[in-house]
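Relying on the hints, combine the two individually framed chains into one complex.
Sequences listed follow chains G and V, in order. For the first sequence, numbering that gives the first Met the number 0 begins at 0 and goes up steadily by one. For the second sequence, numbering that gives the first Met the number 0 begins at 0 and goes up steadily by one.
Think of the hints as simulated: they come from the structure by calculation, not from any bench. Ideal Cβ placement from N, Cα and C applies to all residues, glycine included. Keep in mind that the hints are not guaranteed to be accurate.
Simulated pairs of lysine-lysine, PhoX-like, Cα-Cα distance not exceeding 20 Å [said to hold, decoys possible]: (1) V:K278 to G:K197; (2) V:K278 to G:K209; (3) V:K95 to V:K106; (4) V:K207 to G:K209; (5) G:K209 to V:K202; (6) V:K40 to V:K226; (7) V:K215 to G:K209.
Cβ-to-Cβ under 10 Å is the rule here; a few derived chain G residues that face chain V [said to hold, decoys possible]: (8) E15; (9) I18; (10) Q36; (11) Y88; (12) P90; (13) R91; (14) L92; (15) G122; (16) G198; (17) L199; (18) V204; (19) F207; (20) K209.
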Amino acid sequence: MLYVAINSAVERGVSEQTIAMLLLFPLIAALVTFSRQVIGLVGFGMLIPVLVTAAFLSTGVFAGLVLFLVVLGTATLARLVLKKVRIPYLPRLAMVVWSVSLVILLVLLVAPNLSIDKLASIGIFPILLMVMLTESFVETQITRTWSTAAMMTAETLGIALLGYGIVTMPSVQNFALSNPTWTVILTLLLDYLIGRYKGLRLMEVWRFRKILN
Amino acid sequence: MARLSDILGINARSADFLVLNKKRARAGADDKLLTKEMLTKKRIPHPRLLGVLSDANEVNNYDWNKLIGGIVIKPVQGLGGEGVLLARKSSKEDGKFVAVGGKRLTKDDLRLHALDIIEGRYSHNNLPDKAMIEERIKIHPKFRKMAVGGAPDVRVIVFNKVPVMAMLRLPTDESFGKANLHQGAFGLGIDMATGITTYGVYKNQGIKYFPDTDKKVNGILIPDWDKLLLISVKTQIASKLAYLSVDFLLDEEKGPVVLELNDQPGLSIQLANMAGLKKRLERVEGIEVDTADKGVRIAKALFASEFSNKVGPIGGEKQVVGVFENIGLRPDKGRRISILAKVDTGARSTSIDESLARELGLLMPEHILWETAYKSALGRENRKVIQVDFKMRGKRLLARASVTKRHGLRFRMIIGRRDLEGFLVNPKLIKSRDDAWKVISKKASRVTKFKGNRGKMKKR
Numbered sequence: 000m001l002y003v004a005i006n007s008a009v010e011r012g013v014s015e016q017t018i019a020m021l022l023l024f025p026l027i028a029a030l031v032t033f034s035r036q037v038i039g040l041v042g043f044g045m046l047i048p049v050l051v052t053a054a055f056l057s058t059g060v061f062a063g064l065v066l067f068l069v070v071l072g073t074a075t076l077a078r079l080v081l082k083k084v085r086i087p088y089l090p091r092l093a094m095v096v097w098s099v100s101l102v103i104l105l106v107l108l109v110a111p112n113l114s115i116d117k118l119a120s121i122g123i124f125p126i127l128l129m130v131m132l133t134e135s136f137v138e139t140q141i142t143r144t145w146s147t148a149a150m151m152t153a154e155t156l157g158i159a160l161l162g163y164g165i166v167t168m169p170s171v172q173n174f175a176l177s178n179p180t181w182t183v184i185l186t187l188l189l190d191y192l193i194g195r196y197k198g199l200r201l202m203e204v205w206r207f208r209k210i211l212n
Numbered sequence: 000m001a002r003l004s005d006i007l008g009i010n011a012r013s014a015d016f017l018v019l020n021k022k023r024a025r026a027g028a029d030d031k032l033l034t035k036e037m038l039t040k041k042r043i044p045h046p047r048l049l050g051v052l053s054d055a056n057e058v059n060n061y062d063w064n065k066l067i068g069g070i071v072i073k074p075v076q077g078l079g080g081e082g083v084l085l086a087r088k089s090s091k092e093d094g095k096f097v098a099v100g101g102k103r104l105t106k107d108d109l110r111l112h113a114l115d116i117i118e119g120r121y122s123h124n125n126l127p128d129k130a131m132i133e134e135r136i137k138i139h140p141k142f143r144k145m146a147v148g149g150a151p152d153v154r155v156i157v158f159n160k161v162p163v164m165a166m167l168r169l170p171t172d173e174s175f176g177k178a179n180l181h182q183g184a185f186g187l188g189i190d191m192a193t194g195i196t197t198y199g200v201y202k203n204q205g206i207k208y209f210p211d212t213d214k215k216v217n218g219i220l221i222p223d224w225d226k227l228l229l230i231s232v233k234t235q236i237a238s239k240l241a242y243l244s245v246d247f248l249l250d251e252e253k254g255p256v257v258l259e260l261n262d263q264p265g266l267s268i269q270l271a272n273m274a275g276l277k278k279r280l281e282r283v284e285g286i287e288v289d290t291a292d293k294g295v296r297i298a299k300a301l302f303a304s305e306f307s308n309k310v311g312p313i314g315g316e317k318q319v320v321g322v323f324e325n326i327g328l329r330p331d332k333g334r335r336i337s338i339l340a341k342v343d344t345g346a347r348s349t350s351i352d353e354s355l356a357r358e359l360g361l362l363m364p365e366h367i368l369w370e371t372a373y374k375s376a377l378g379r380e381n382r383k384v385i386q387v388d389f390k391m392r393g394k395r396l397l398a399r400a401s402v403t404k405r406h407g408l409r410f411r412m413i414i415g416r417r418d419l420e421g422f423l424v425n426p427k428l429i430k431s432r433d434d435a436w437k438v439i440s441k442k443a444s445r446v447t448k449f450k451g452n453r454g455k456m457k458k459r
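This is chain V alone, in the form it adopts within the complex (with noise of 0.2 Å):
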């Protein structure tokens, strides 16, 4: 899979990489007082800072009883997840909190904990440390079952404004509900392109299960995926830090928040990913890269796997379409039927031959969304409006479709531009597509057929 070479080591990764980082954005990075600063100044959304301890007095004189819901007691300078403190407030017993795991929590409990954080128990060196008060995010309800305690997070390594390789972590039993690999969390890797998980690293071992069950670690996808790549480029923009990783909570309204930058990340997200970091970052250095926006597109198209084109759009992607469109609609009863429709951007709304419409039971009470009376060359009509479910290019659409007399035309459903904004229409598109073609040919025979069975019809 990948060279030797391709793999990012401790030794190139110091001599390479680290030394690019500036010492005063290093300090930012490290201070977690600072990043937050800085994301609020850059209106970048993270968790809401509820209150930050300095010394003893203040740990005594802080109101616990305001909180409400889950918080996260942190050490400001802290490293790798040591003395971080999830609890949510009790609900049943008053002034008393809940850990992850169940453990009952006290106020003094918690104070002693932040008198620990004070006296430097968990900062580099055993040098004095402030604590702070953060809110816990509302776990996105996709992860809820996933991670085990606390919130999963999604680190993304950016290097040159270009986000180059992304890994999910899963908090487990043995990791107290932390997302840090080095304390039992699973992580996972994630395809540039799609957002989508790969393959799986726990204790330094590959996985393609989780232990003890018969579920995948690959086909997640992470929700807002795009965004959370645009954000992670444009707060390594903010921390003037040239090789770092960003680390995200999914908020399940807020979507992806920042938590933490790293200076230093490590390296088994290769693992998790299966790739060599060094190649990836090789390939972006160097490039003129001016907007956050450009730096996912380069991300994307460069570091997308192998199956990243056979998923179909996520997100806020756009897909091309032709003039000529092989979509997939759904009648009545049964399964989709594939019919060629013109993409006509020159009409509003979508129409139907009412023929099609009729033979494919759409034109039944339950389908008809309304009736309009309207003028045409042929003096005063009565219009259907059904409403429509098919799939152009692996989107699905509910459109609503006016019924029209389309016979004798060579397109039985015209696609309109109401319909059309999740796409982008290339006129050129018009015998480059193979499948469009070898529709087009099939379309003549159910032509045909379509045209005995309005014969039928007209007997009966």
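With the rest of the complex left out, here is chain G (with noise of 0.2 Å):
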């Protein structure tokens, strides 16, 4: 049915980019809740990760990561140098968002010279989701401790590089235009089952290993 579907709509001109991707993305969220509910990462929550994960498949891993350190770098100066400004929380984070857009805007202008194709050609979409990344990331330098920020933002870049790397494997993009309507019921069968996990999660055997001795 969906196959069929999906199949003349192909024909009449929708990109068939887009219809594995948004196949897809739900087995990026279904990722996202097994490194929280099993392995027991804990990440920006749901959405950044899978933001990440839809920069890095239209910038590429390498313009993306470079957008990715770019964007907390110069988030984390701003934070720092704004520290001593005693203005509300607010307006404070419209002037990192601000700092981060004129950096990015300075790549930009500076990539085409030294002939980064890659960073020049992005397009504002990657950009503008790496920059709403900026106050997941200042919140939690604020809320929790420094530490806490970059051992979550290590594990967002670990979760968003490998959702990657599942998304584009060219035999699962076959398999999800091929049997789209199992792709999505699988999904939501693995959605269910993490769901239902209650067991220790891999993180917490390691938290309690001194008792389980």
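In structure tokens form, the structure reads like this:
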């Protein structure tokens, strides 16, 4: 059913790539859930890892990583500088976003001169996605410790890279496009099974290892 | 020690236990003012509330000068000890306060902190909050040297009216007087039967000694343990939460006072106790517990650590004694000697054989309390009453004993009703106690020895 509908849509001009991504994005969400519920990684919730994966998909890993590091580095620096300015949270965050945007603009302006083509050709959406990441990152730095924020960032990056790897695998894309119904049902089943898991998370086994001897 | 399936993880905590907590009950635990109201209504001891500040106007109009002694300013909806300011009125400078660690605070500093709280700096999602001012308790003398800056607290997790696990939390320098583990406080596991600490956890690591000292983390007895457990169950019943932790402070005069409730207590308590929480929760699930007292008794029976039966009676606990008890009697000089005494509920007071008392040097004037004249079948007699110091079933008693001539009788000391208050007498325990019989045979030899002595004395 779904397969036939997809085929006719593709024939009428809907991008095959877009359909594959739509089928596979829920899988990335399931991956995020798995890393939280079963492994015990914290990350930045659901939205951010999925968004970073999406950004990687449209920029490629190299440009995406550069962008990611530039955004986080600038956000951290900006926050440290703005610490001394005593204004409320939201205006301060707006200033952080301002500085992040400015630095990315600079990078884009410099990139062609350094002949890094991949950076130069980045579209606006991945950039916006990355800038929005700033908020979660800054908030974590404020509400928790810096090391927690760094840890969560690393975990987010790991999940996003893993998600990118899975989604871009030709075999996975082919399976999704040729068995769309199964892809959808299996993803849902996976979500349910992860949700039913009540055992210890992998990180908890490590945390409580002393009791277990 | 524990198996994987004994340990409670975040997933199982949410799926099996947190779901049992009703939304309304949770709101009562999260709002410290509602908690206080509930505690007051149920007459459960808690630190006194000195004031509530709900807007900037109230902060500016509040008379800080009327505060005396130690105060705590904290957010009503605060989480994890954030935004809690501990201060004490300065005794030297008028109108000034001293924070934990010695920092001087003016009234304006306190006002600013209260305003921060009201603006929601420490509340969930930065929603506007209220600030509350509470009196600081007088730290129990036992913990004054152990806790740095703040007051130690005792956390008890209660489920189904049974206390299942407990932990003593000691603030450190880096936790700024707060007892929250993730802020760097020590967590010490507590044996449920005795209230004695067992293991320790610090920064998620198990510890045996307090860092940089040779002081062990185990063996610390929590004062008023039974009372604390009973209050924890009463608090659970009043809170209507199915699964919660009750946090206590230990006041020098009032004993355990309830500081706050937590409907989502952390899991590190398992590390501090080196025991799995899930197994304990499963054991008390579904048991019919009708009174708080019963819940405490169940907890003590189920979750006693191995050492607990080696510990003597603590607090109000009554020891069971048989008809014959081996007691440790303290002579005038030297170590306690073992004597087989008879527990006699028919006698009002304790009595001791005259020759035995003389041998032990207990008839010296400093031991004699008084002499009474009384009539007996033999006419008027003077009877001495002396003070004896003896240990029975691990309990030390200072008793008065009348000195009688008991030679020829099997027992040279009788423990009367007056000194049996802290014990339960089981009249069936005559032969069943091995040690009692061993002592009787020993006693037989001692009797001959004593007889020999008496002979010598007569000669003299």
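Evaluation of the provided hints:
1. Taken as a hint, the K278 (chain V) and K197 (chain G) pair is honoured in the structure, with Cα atoms around 14 Å apart against an allowance of 20 Å.
2. In summary, the hint linking K278 (chain V) to K209 (chain G) is supported, as the alpha carbons are separated by about 17 Å, within the 20 Å threshold.
3. A distance of roughly 7 Å separates the Cα atoms of K95 (chain V) and K106 (chain V); the hinted pair therefore holds under the 20 Å criterion.
4. Taking the CA atoms of K207 (chain V) and K209 (chain G), the gap is near 13 Å; set against the 20 Å cutoff, the hint holds.
5. Distance hint between K209 (chain G) and K202 (chain V) is fulfilled; the C-alpha atoms sit about 14 Å from each other, no more than 20 Å.
6. Between K40 (chain V) and K226 (chain V) the CA atoms are separated by roughly 19 Å; this keeps the pair inside 20 Å, and the hint holds.
7. A hinted pair counts as satisfied when its Cα atoms are at most 20 Å apart, and K215 (chain V) with K209 (chain G) qualifies at roughly 18 Å.
8. For the restraint placing E15 (chain G) at the interface with chain V, the shortest Cβ-Cβ distance is roughly 38 Å, beyond the 10 Å limit, so the hint is violated.
9. Checking I18 (chain G) against chain V by beta carbon gives a least distance of about 34 Å; that is not within 10 Å, so the hint is violated.
10. A cut of 10 Å between beta carbons decides the hint on Q36 (chain G): the least distance to chain V is about 6 Å, and the hint holds.
11. Taking 10 Å as the C-beta cut-off, the interface hint given for Y88 (chain G) holds, the closest approach to chain V being about 7 Å.
12. Here the hint on P90 (chain G) is broken, as its CB sits about 14 Å from the closest CB of chain V, past 10 Å.
13. Hint on R91 (chain G) is violated. Least Cβ distance to chain V is approximately 13 Å, over the 10 Å limit.
14. Restraint check, L92 (chain G) versus chain V: the minimum CB separation of about 12 Å is more than 10 Å; hint violated.
15. Hint status for G122 (chain G) relative to chain V: violated, with the closest Cβ pair at about 34 Å, above 10 Å.
16. Checking G198 (chain G) against chain V by beta carbon gives a least distance of about 7 Å; that is within 10 Å, so the hint holds.
17. For L199 (chain G), the suggested interface contact is upheld, since its CB lies about 4 Å from the closest CB of chain V, less than 10 Å.
18. At its closest, the beta carbon of V204 (chain G) sits 7 Å from a beta carbon of chain V; the interface hint therefore holds under the 10 Å criterion.
19. The interface hint given for F207 (chain G) holds, since its Cβ lies 5 Å from the closest Cβ of chain V, which is under the 10 Å cut-off.
20. Among the interface hints, the one on K209 (chain G) holds; its C-beta lies about 5 Å from the nearest C-beta in chain V, closer than the 10 Å criterion.
Violation of the numbered hints given earlier is confined to hints 8, 9, 12, 13, 14 and 15; the remaining hints are satisfied by the structure.
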